[in-house]
Structure formats: structure tokens, C-alpha cells
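Novice: Listed below, chain by chain, are the residues.
There are 4 protein chains.
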Amino acid sequence: MRLLPKNRLESFSDGVIAIIITIMVLELKTPQGNDLDALKPLLPVFLSYVMSFLYIAIYWNNHHHLIHATKRINGSIMWANTHLLFWLSLIPFITGWIGHSRGGPWPTALYGLVLLMAAMAYTILQNAIVAAQGKDSHLAAALGSDWKGKLSLASYLAAIIVAFRHQWLADTLYVFVALLWLIPDRRIERLPDI
Amino acid sequence: MRLLPKNRLESFSDGVIAIIITIMVLELKTPQGNDLDALKPLLPVFLSYVMSFLYIAIYWNNHHHLIHATKRINGSIMWANTHLLFWLSLIPFITGWIGHSRGGPWPTALYGLVLLMAAMAYTILQNAIVAAQGKDSHLAAALGSDWKGKLSLASYLAAIIVAFRHQWLADTLYVFVALLWLIPDRRIERLPDI
Amino acid sequence: MRLLPKNRLESFSDGVIAIIITIMVLELKTPQGNDLDALKPLLPVFLSYVMSFLYIAIYWNNHHHLIHATKRINGSIMWANTHLLFWLSLIPFITGWIGHSRGGPWPTALYGLVLLMAAMAYTILQNAIVAAQGKDSHLAAALGSDWKGKLSLASYLAAIIVAFRHQWLADTLYVFVALLWLIPDRRIERLPDI
Amino acid sequence: MRLLPKNRLESFSDGVIAIIITIMVLELKTPQGNDLDALKPLLPVFLSYVMSFLYIAIYWNNHHHLIHATKRINGSIMWANTHLLFWLSLIPFITGWIGHSRGGPWPTALYGLVLLMAAMAYTILQNAIVAAQGKDSHLAAALGSDWKGKLSLASYLAAIIVAFRHQWLADTLYVFVALLWLIPDRRIERLPDI
Numbered sequence: 252m253r254l255l256p257k258n259r260l261e262s263f264s265d266g267v268i269a270i271i272i273t274i275m276v277l278e279l280k281t282p283q284g285n286d287l288d289a290l291k292p293l294l295p296v297f298l299s300y301v302m303s304f305l306y307i308a309i310y311w312n313n314h315h316h317l318i319h320a321t322k323r324i325n326g327s328i329m330w331a332n333t334h335l336l337f338w339l340s341l342i343p344f345i346t347g348w349i350g351h352s353r354g355g356p357w358p359t360a361l362y363g364l365v366l367l368m369a370a371m372a373y374t375i376l377q378n379a380i381v382a383a384q385g386k387d388s389h390l391a392a393a394l395g396s397d398w399k400g401k402l403s404l405a406s407y408l409a410a411i412i413v414a415f416r417h418q419w420l421a422d423t424l425y426v427f428v429a430l431l432w433l434i435p436d437r438r439i440e441r442l443p444d445i
Numbered sequence: 252m253r254l255l256p257k258n259r260l261e262s263f264s265d266g267v268i269a270i271i272i273t274i275m276v277l278e279l280k281t282p283q284g285n286d287l288d289a290l291k292p293l294l295p296v297f298l299s300y301v302m303s304f305l306y307i308a309i310y311w312n313n314h315h316h317l318i319h320a321t322k323r324i325n326g327s328i329m330w331a332n333t334h335l336l337f338w339l340s341l342i343p344f345i346t347g348w349i350g351h352s353r354g355g356p357w358p359t360a361l362y363g364l365v366l367l368m369a370a371m372a373y374t375i376l377q378n379a380i381v382a383a384q385g386k387d388s389h390l391a392a393a394l395g396s397d398w399k400g401k402l403s404l405a406s407y408l409a410a411i412i413v414a415f416r417h418q419w420l421a422d423t424l425y426v427f428v429a430l431l432w433l434i435p436d437r438r439i440e441r442l443p444d445i
Numbered sequence: 252m253r254l255l256p257k258n259r260l261e262s263f264s265d266g267v268i269a270i271i272i273t274i275m276v277l278e279l280k281t282p283q284g285n286d287l288d289a290l291k292p293l294l295p296v297f298l299s300y301v302m303s304f305l306y307i308a309i310y311w312n313n314h315h316h317l318i319h320a321t322k323r324i325n326g327s328i329m330w331a332n333t334h335l336l337f338w339l340s341l342i343p344f345i346t347g348w349i350g351h352s353r354g355g356p357w358p359t360a361l362y363g364l365v366l367l368m369a370a371m372a373y374t375i376l377q378n379a380i381v382a383a384q385g386k387d388s389h390l391a392a393a394l395g396s397d398w399k400g401k402l403s404l405a406s407y408l409a410a411i412i413v414a415f416r417h418q419w420l421a422d423t424l425y426v427f428v429a430l431l432w433l434i435p436d437r438r439i440e441r442l443p444d445i
Numbered sequence: 252m253r254l255l256p257k258n259r260l261e262s263f264s265d266g267v268i269a270i271i272i273t274i275m276v277l278e279l280k281t282p283q284g285n286d287l288d289a290l291k292p293l294l295p296v297f298l299s300y301v302m303s304f305l306y307i308a309i310y311w312n313n314h315h316h317l318i319h320a321t322k323r324i325n326g327s328i329m330w331a332n333t334h335l336l337f338w339l340s341l342i343p344f345i346t347g348w349i350g351h352s353r354g355g356p357w358p359t360a361l362y363g364l365v366l367l368m369a370a371m372a373y374t375i376l377q378n379a380i381v382a383a384q385g386k387d388s389h390l391a392a393a394l395g396s397d398w399k400g401k402l403s404l405a406s407y408l409a410a411i412i413v414a415f416r417h418q419w420l421a422d423t424l425y426v427f428v429a430l431l432w433l434i435p436d437r438r439i440e441r442l443p444d445i
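Residue numbers (the working numbering), protein chains in the order written: chain A, 252 to 445; chain B, 252 to 445; chain C, 252 to 445; chain D, 252 to 445.
Just chain A, with the same shape it has in the complex:
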């Protein structure tokens, strides 16, 4: 199968991710009053906005590194990428729900489910790229055991389960995974240019 250049995959993904990260701010509706009290009900919406902004920024960052390590793309990579964008596109919706409901158990669990599906989609995309490049490629070596990815998946799963009993623990897990990824993926950064 022939491979295509990657520039449009990058620019389409950049466009979609840029819109996802920006339209979330539309959930911060104009307050009714003129004073500080009018902002108070927006606080949980703002906090969930900060959290999701961070998550989407992390995805863009890692996506940037991953595609940078990819030379050309094929149909599987394109659809794996579209699949990832689909789950990311649900983040504004679930962020709005968790913000407006001030984080009940169901919104909290569903937030974890969307993050879990996005993380699985990212893993699938990663595997599709490694498959196209061969198991002995620099990228496969750089990814190694991918413990960060596995730990994230486990954390999301745990968060979904505990959301119904100990909501604060689920929230803590979401913060924990975000911090885990704030450090850019040095494994790929060290790869030679291709």
C-alpha cells in the first residue's frame, strides 16, 4: 500500500484540536450580575475548563511528537487519527456537564470514560504507526514498554469505578494523570529527525 505525506493529517488535526480546546470556553456563559458574586457559580465550570484545557493540550503535545516521528501515513493511520479526534471532540460536552452539575457521580464517571476511550484511541494510533514503520524502528524502541500509557488507562478505569463512592478520589486520579503527562515525551523527542 502506498503512503501519503503527513502534512494535511497534521493541519486537519491541528484545526480540530484547536477548535475543541477553544469552544469549551463557550461554556463560561456571561454572568448575570456585575459583581464578584456573579462569578461564584462559574467556579466549578472554570475549574473543569482548566482541567480539560490541560488534557487537550497534553494530547496535542504528544500527538505533535508522535506524528513528528512518523514519515508517511497510510489509511489505517488516518482512520486511527480520526477515531482519536472523535473521542477528543466529546470532551467539551462532558466538561460542560461536569462543570454545570458541580461534579455528581455520573458526570465524574463519564468524564473518566471519555478520557479512557481517548487514551485507548491514542494507543491504537500509536500501534498503527509502529506497525507501518516496523517493530525494529526507532519509534518502537523509543516507546519501550509505554508504562505511562498503561498507567493512565488503569487510572481512568479506577476513577470510573470509584466515582460512585469516593468522588474526590476520581478527581485526584484525573489530576494525577494530567501531571504525569505534563512532562513531554522525551522518548520520542530524542529520536533522530526523519
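Worth double-checking, as some hints may not be accurate.
Since the list gives no way to pick out one identical chain from another, each pair is judged satisfied if it fits inside one copy or across any two copies.
Unchecked claim - Once the Cα atoms are required to be at most 30 Å apart in a straight line, the calculated DSSO-like pairs of lysine-lysine come out as:
1. K257 with K291
2. K322 with K401
3. K322 with K291
4. K322 with K386
5. K386 with K399
6. K322 with K257
7. K280 with K386
8. K401 with K386
9. K291 with K280
Hint data in this document are derived by calculation from the structure and do not stem from the laboratory.
Start from chain A and add chains B, C and D according to the hints.
Specialist: For chains B, C and D alone, kept in the frame of chain A given last:
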């Protein structure tokens, strides 16, 4: 007539398609309650979102392949492309209607009409590119009889007609065409780079 | 003064214009009912959407040709471009008003005013580019007397004035100018590559 | 640490800034009536839109110049850039508030706070780039004492403080800083290409 480079046509189309695919999620309004019941009324909206996300992703995918096989563009190609973007831009509107009305006959038929017009616009764009490259070009040979395109047009037409009597059949036809195109257009992928 | 490469001016303008042309569709609110009657009140909104889509597509098309004929940009060109984007960004607002008010005299006149300001901003941008390239440049020669630009400005001005007495005449003028520009600007297309 | 190419940082930033500058226009809701009176309540919203459009255009302009002077990027630069985009993404929200509340003391002060945080984020980004290039680089020399940046920070701080007593003075300070930056950053424009 002189030909222009294609990079801005690509980046403008990427931008418009990225926005179309993303603003549809705004139809998923924040639920009023905090529990699972609050999500139930959103289910048909969500299903129509998935369907339209898939359709727009297919269009982007095929557009990507088609323009990749195009060297330079002229005025006809630019306007044929704008015409395609116009019909795609109506998909968020009709998706919202079909979702919120839980799929009555008129929304279902109009969904088919928008898809039909978009498919015809894509065919016009394809013809404009073939016309600019000559009938003996690699692209013309790769497209061949374009049976997939013709079958899609016939399916949309059939769906519009049956929407008023057997709505489930129209829905099935929409799913059928989407699956038909999920496989990327290998004909063009096999073309040599230009 | 040093000149900058033009690629980011192009990609930022593409982004802004892509968003402007797409968010207008948000004015087409989901109809309340399930049948054809529910669409009727949307007809004037739809018609104004088609009109403005066409205008913005024309601007993108001409902008594409104009910047294609520009080698490098300076600060004046960047701000003239931003000024054009500002007036274009008001088109979704005025389109929404003209659509929802079913075209009273004030919305019709203001529509002309926004188009007039955008056209003047385009002229300023064109002049800034010619000034940077010199009056003897290919671009200056290609633009010639710019009768199309001047006729458009005069038509908008006339439309604003007649909007209060003969609204249909103002609407006709808007359609006339759009048709005038549908033909891409061959003058610039014929320029040699730079 | 290895450095990455900057093209995707540019295109992602262009996308986010293009969306931020455009979605603000959604605050200009369709007026209820058909005459000029219906526009009157929109005037403060329009004025705050013009102001924020200008600020975001200035940021894009300076960002353009700054990244133009950057050869390759690292993780610190990417996160400093994301941090800047976060604060810019709050401008549509605070613009909507200041417009709809017709500028009470709290919205006016918070407007200054968002601008202050964005300006500090820009300074951090600038420092991260200088740090990556070395203190003896052309960029470091071109930035010099960065008196414009320091004066802006001081003006925002002053505006926040006086917003509760002399609101007009705060507004004047915001206009003053915007005018200060309207002139593009010649220091960087004069740098040799890299």
C-alpha cells in the same frame, strides 16, 4: 488559464471541514440533571452526531486523496471546492434537526438531500480536476467507472423516497453508504506522486 | 524595513475566514417541529446565509489570488489584512440580523455598510501590497484601473441609500456585485509566479 | 534536549488565535427589533469586541514576529506557548462580561487581570525562547530592555487598582497599551532570517 498552487485550497478546506466536524458537538447541550436519566434524551442527538462525524471524516479523507492527486488548481476547481464546502456546512444543521426531532420523515429525507447535494458537488469537483488534468491522466484512469460514487448517489435518492414510508430503510441506506466509503479510495492511493 | 514571509499571514487569514464562513450556519437554529412547515420561518435566514457564504467565498478567493501575487509582507500589509478580517468578522452578525428580521430597511442598509467597509479594507490592503512592490510591478499593471472594485464600492453605497425606500433594489445590488466577482480575478491569475 | 521544528506550533497557535478572535463575535446576539433602536443595547458589546479584537490581533502579530525569530522549539517553549493560549482563550469570556455589564468595576478589573496574565505568559514565552537561543543571540539583543513589555505590565496592574474608583482611567489605560503595541515590534523585524 494559469494554474495556482494548491496549498491554500487544502488549508482553507481543512479549516472549514475541521470546524464543521467540531461545531456539531455543540448540539449536545449540557444535560439538566446529574444522573444517567438526564442523558437519555441526548441519545438520538448523539447517534446522529456519530453518523455525521463519520460522513464528514469520509469526505475529508477522500478530499485529501483527491487533492493529493491534483498538481495545480484553476478557478473552476476552486469554485467546485467552495460549492462542496457549502453543502457540507449544512450537515451540522440537518444533524441537529434529525437528532432533536428523533428522526421524523421530513428530517430524514432532508438529511438524504443534503448528502445527495454534497455527493453531487464532490462529483463535480472530481470532474473539474480530471478536466484540468486531461482524460488520459493517471487520476482519470484510477477513478475508472466510479461505481462507488454512482451507487452512493442512487442510495441517497432511494433513501429520500423511502423516508416517508419506511424510515428505518432510509436510515439503513445512510449507514450502508458510510460503510461503503470507510475503506479509503485505494484507486487514488496507488497513483504515483506528483 | 525588513519583510517577513507570508505563510503565517495566509494560514491565519485562512483560519479566520474558515471560521467566519462556518459559524454563520449556527444562525440556522434547529426547527421546533418535525415537518416542512417548521422549516418555513428559516427560509429568509437560509437565503441570507447563502448570500453571505458567497460573499465570504469571493473574498477568500480574491485574497488567495492577491497574496499569491505578493512575495513578502511588511507591517502595513499585516495590519491592513487584520483590518479586512475585522470587517469580514461582522458579516455573521449582520447576516443573522437580516435573516431574522426578514430584511427591514435598517438591517438591509447595515448589510451594505459592512460590505462597503470590507470592500474599502480590501482596497487598502491591495494598495499596501502595491506600495510595497512598487508602482511598476506586475501586480500594479495587472490590477489596472480596478473598475470592478470601484463599481462594487459605488453599488454598496447606492444600496445603502435605496435600502430605506426600495429595499428590493438594494437586495438586487448585493446579488449583482456577488455575480460580478464570481468570476475569479484573471488579471492576477495571469501574473508570473513569484 | 533535542529541538523540534516550529511549523506545527505556528499552525496550532494560528488556529487557536483565529478561533478566539472570531467566536467573540458570537456575543453580538441578533437584535430583537428591526430598527436602529434595537442596536443601541449592543453598542457597549460592540466596543468591547473592537477592543479585544485589537488586543488579540496585536498578540498574533507579536507572536508571529517572535516565533519567526525562533529556529527550533523545545518542550519549555511548547508549554509556555500553551500557557499563553490559555489566558488568551479567556478574553472572549471577559469581553462578553464587560460588554453585557456595560463595564462595572469588577468586570473592568478582571479584564485587566486577564490581560496581565496574558502579558506575563508572553514574557515567559519570550524568556523561554531567549534561554533556548542563548543570551548573546540576535533575539536577546533585539529585545533589549523590553520597556514596552514592562510598561504594559505596569499599566495593567494600575488599571486593576483604579478600576474600583476611576473606571474611565482603567479604560484609558487599556486603550493606551493597545496603541503602544499597534506599532509592530521593529526590534525583531530587523533580525536577519534564520
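Novice: Now, for every hint given, state plainly whether the structure supports it.
Specialist: How the hints compare with the structure:
no.	hint	in the structure
1	K257 with K291	neither (45 Å within a copy, 39 Å between copies)
2	K322 with K401	within (25 Å within a copy, 35 Å between copies)
3	K322 with K291	neither (49 Å within a copy, 44 Å between copies)
4	K322 with K386	within (15 Å within a copy, 32 Å between copies)
5	K386 with K399	within (19 Å within a copy, 35 Å between copies)
6	K322 with K257	both (7 Å within a copy, 17 Å between copies)
7	K280 with K386	neither (49 Å within a copy, 44 Å between copies)
8	K401 with K386	within (19 Å within a copy, 41 Å between copies)
9	K291 with K280	both (12 Å within a copy, 22 Å between copies)
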